[in-house]
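My request is simple: use the sequences and hints to build the entire structure.
If you read the protein sequences in the order shown, they are chains A and B. 274 is the number that our numbering gives to position 192 of the first sequence; each next residue is one higher, with no gaps. 335 is the number that our numbering gives to position 253 of the second sequence; each next residue is one higher, with no gaps.
Take these hints with a grain of salt, some might be off.
No copy is singled out in the list; a pair is fine if it fits within one copy or between any two copies.
Said to hold, decoys possible - The calculated DSBU-like cross-link candidates involving lysine-lysine, where the alpha carbons are at most 30 Å apart (straight line), are: (1) K386 / K357; (2) K357 / K392; (3) K143 / K392; (4) K430 / K88; (5) K115 / K430; (6) K268 / K392; (7) K186 / K152.
The hints are simulated quantities; they were obtained by calculation from the structure and are not laboratory data. On a predicted model such as this, the values are computed, not experimentally measured, just so you know.
Number of protein chains: 2
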Amino acid sequence: MEHLYKYEQLLSFTKNIFIKINCSEEDAETAAKALLSADLRGIDSHGVARLTGYVRLWEAKRANTKPHIKIIHETPSTAVVDGNSGLGLVVAPYAMQVAINKAKNVGTGWVSVQNSNHFGIAGYHAMKALEHDMIGIAMTNASALVAPTFSVERLLGTNPICVAVPAGSEPAFVADLATTTAANGKLEILQRKNQKAPEGWIQDKDGNISTNPHELKSGGALLPLGGDREHGSHKGYALGAIVDIFSAVLSGANYGPWVPPFPAYVAMPTDMPGKGIGHFFGAMRIDAFRPADDFKKNMDQWIKRFRSAKTVEGEEQVLIPGDPEREMETERLIRGIPLLHSVSEDLKYLGNRFGVEL
Amino acid sequence: MEHLYKYEQLLSFTKNIFIKINCSEEDAETAAKALLSADLRGIDSHGVARLTGYVRLWEAKRANTKPHIKIIHETPSTAVVDGNSGLGLVVAPYAMQVAINKAKNVGTGWVSVQNSNHFGIAGYHAMKALEHDMIGIAMTNASALVAPTFSVERLLGTNPICVAVPAGSEPAFVADLATTTAANGKLEILQRKNQKAPEGWIQDKDGNISTNPHELKSGGALLPLGGDREHGSHKGYALGAIVDIFSAVLSGANYGPWVPPFPAYVAMPTDMPGKGIGHFFGAMRIDAFRPADDFKKNMDQWIKRFRSAKTVEGEEQVLIPGDPEREMETERLIRGIPLLHSVSEDLKYLGNRFGVEL
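Below you can see the structure in the form of structure tokens.
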């Protein structure tokens with residue numbers, strides 16, 4: 083059962099909740115926009131459904147809502163940002179802006195972030211570069227749910243990568259992908275519906291392929307993109323590892339099995355080698371390579387050629403990365419954002435508690 | 083049937099062949115080292131077996147062995163290099179050095195290349211960064227063999243990505259991966275042995291899943307990493323697209339279905355939008371983020387933790403990206419490089435023609 087909410091209504095509610103947990107008005111607005119972009123783009127698992135989770139992180143003193151975010155090391159094209167345990171929804175926009183500023187000065191900017199928390203969807207942050215005629219890149223590590231090829235242990239998060247590329251008359255190319263066969267959110271849908279997962283998404287606690295979507299609760303793991311060795315899971319594992327290294331080994335955050343969990347009731351890992359979770363952002367100015375107009379003309383041709391490719395029977399069109407999310411955003415801005423009954427009940431409970439009306 | 087050749091013997095032979103097709107001694111040495119690194123690392127499809135192919139590109143005037151390679155646009159952290167139709171084996175080391183030099187100056191360097199040819203394996207070029215305590219990145223587009231999700235048309239190459247990361251006492255992390263389920267070289271092995279391919283590697287000319295390794299000759303296509311939509315092929319497609327855009331749309335090279343083919347007997351695409359094939363290189367100085375020693379200590383811990391993970395039954399160890407290739411290199415430097423009878427006959431024919439002894 084679902085109910086539709088206007089974007090503005092959810093945005094205002096979310097902002098007010100963030101203010102209630104001591105965010106400044108500006109930070110609350112920044113965080114609310116970043117969080118709600120997930121709902122708009124159809125990545126419901128990472129949106130307002132997680133608001134209670136962020137509040138719990140604050141209650142558990144794992145998230146600092148008055149952070150002093152700062153650059154702790156830099157060169158003309160790089161920086162390391164210390165998020166001071168802030169909400170990733172606030173730390174990430176700060177760090178992405180640092181990357182964009184550096185790109186303005188020397189062509190590109192690259193920022194690795196330590197001591198942060200979960201930042202919502204990678205796409206929101208990478209797309210910030212588009213308005214500056216830059217390519218935007220965003221990635222983050224996350225707590226370990228994924229077993230590398232041949233491992234029964236979970237050592238990597240779903241570690242998403244987003245690359246956003248501006249075009250001319252065509253909409254931007256926005257590839258935002260977890261480095262697993264299926265994102266955790268898709269598994270959650272199957273769990274709710276009690277449906278089987280396709281083979282190649284998960285393994286059980288002994289490393290056998292499983293179709294039980296509840297497997298993660300009993301020691302199972304998500305599988306890297308590719309699913310098994312024969313289908314290239316070592317590549318998905320390598321991609322997730324690259325995200326982990328760029329986000330955390332390069333910044334001094336926690337990596338691998340030491341990344342702090344999002345649910346505040348899950349115990350923190352012991353002997354953590356770094357600070358908080360890590361992100362990585364990049365911005366590349368198009369005209370640091372060639373005139374932006376020439377680039378955009380070629381991007382438009384690229385997009386049109388792929389979109390007009392002959393399709394396999396039963397499919398209407400070859401999609402460009404970002405197409406489904408953009409169409410969802412257009413629709414939801416008009417029709418509203420559907421929330422599951424359990425999610426809206428959860429938000430109402432939160433609202434009652436803090437005296438904020440949904 | 084295979085015969086073992088000493089690395090030095092093949093290197094010297096290859097260098098002399100490149101000299102015979104008018105490469106300078108320096109360029110011939112550069113090209114031979116880059117090409118042979120594929121044989122050493124066990125990526126036999128991209129090594130000396132392709133030497134005749136490079137010679138044919140020169141004969142067809144598609145490769146210029148006296149190129150004037152130059153930077154045509156730059157900022158402190160970026161450059162576009164025009165390869166002047168040179169061998170990619172020579173153009174790529176030039177461009178990677180530009181990236182490294184820029185990283186020395188401003189922390190990172192990013193170079194997009196137009197007007198080049200095939201560059202061998204991505205790993206060789208990315209690994210050049212390691213000796214400077216930098217992370218190295220290399221990618222290239224290639225002629226279209228891969229069908230995006232839902233497409234029956236081949237629009238992307240196998241478009242590999244390599245990321246090489248230095249460690250301390252542990253060997254470097256080197257992830258070198260085609261953005262397809264299986265690299266073309268693996269399919270060639272099945273073709274020679276007339277064995278079936280696993281499902282998820284290829285589709286036939288109508289877009290149906292096929293296990294016939296000869297399918298590409300009759301209009302079929304390789305599949306993006308993931309294999310089908312349900313297993314994330316849209317992610318493999320997006321990764322291949324990112325490589326295409328960074329390598330070619332950013333540089334002014336050809337992209338998508340317009341990338342020139344490696345075999346000189348295959349006609350060039352019509353209405354090409356750019357120049358030659360494109361590559362993309364990156365170098366990030368570790369100490370542009372944090373002290374290299376701290377980083378390396380963490381990388382060592384990362385590597386040790388993953389390598390010692392509990393394995394699924396029947397597997398000895400969780401591998402670190404780069405492990406199999408490094409072990410192969412060690413073995414082949416000692417025991418020699420095995421060449422198929424057909425390959426060594428091909429090289430002998432080439433040697434006779436140019437008066438170079440194998």
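So, going through the hints one by one against the coordinates:
{"no.": "1", "hint": "K386 / K357", "result": "between (44 Å within a copy, 20 Å between copies)"}
{"no.": "2", "hint": "K357 / K392", "result": "between (49 Å within a copy, 26 Å between copies)"}
{"no.": "3", "hint": "K143 / K392", "result": "neither (54 Å within a copy, 33 Å between copies)"}
{"no.": "4", "hint": "K430 / K88", "result": "within (15 Å within a copy, 73 Å between copies)"}
{"no.": "5", "hint": "K115 / K430", "result": "within (19 Å within a copy, 66 Å between copies)"}
{"no.": "6", "hint": "K268 / K392", "result": "both (29 Å within a copy, 27 Å between copies)"}
{"no.": "7", "hint": "K186 / K152", "result": "both (20 Å within a copy, 24 Å between copies)"}
The structure does not agree with numbered hint 3 stated previously, though it agrees with all others.
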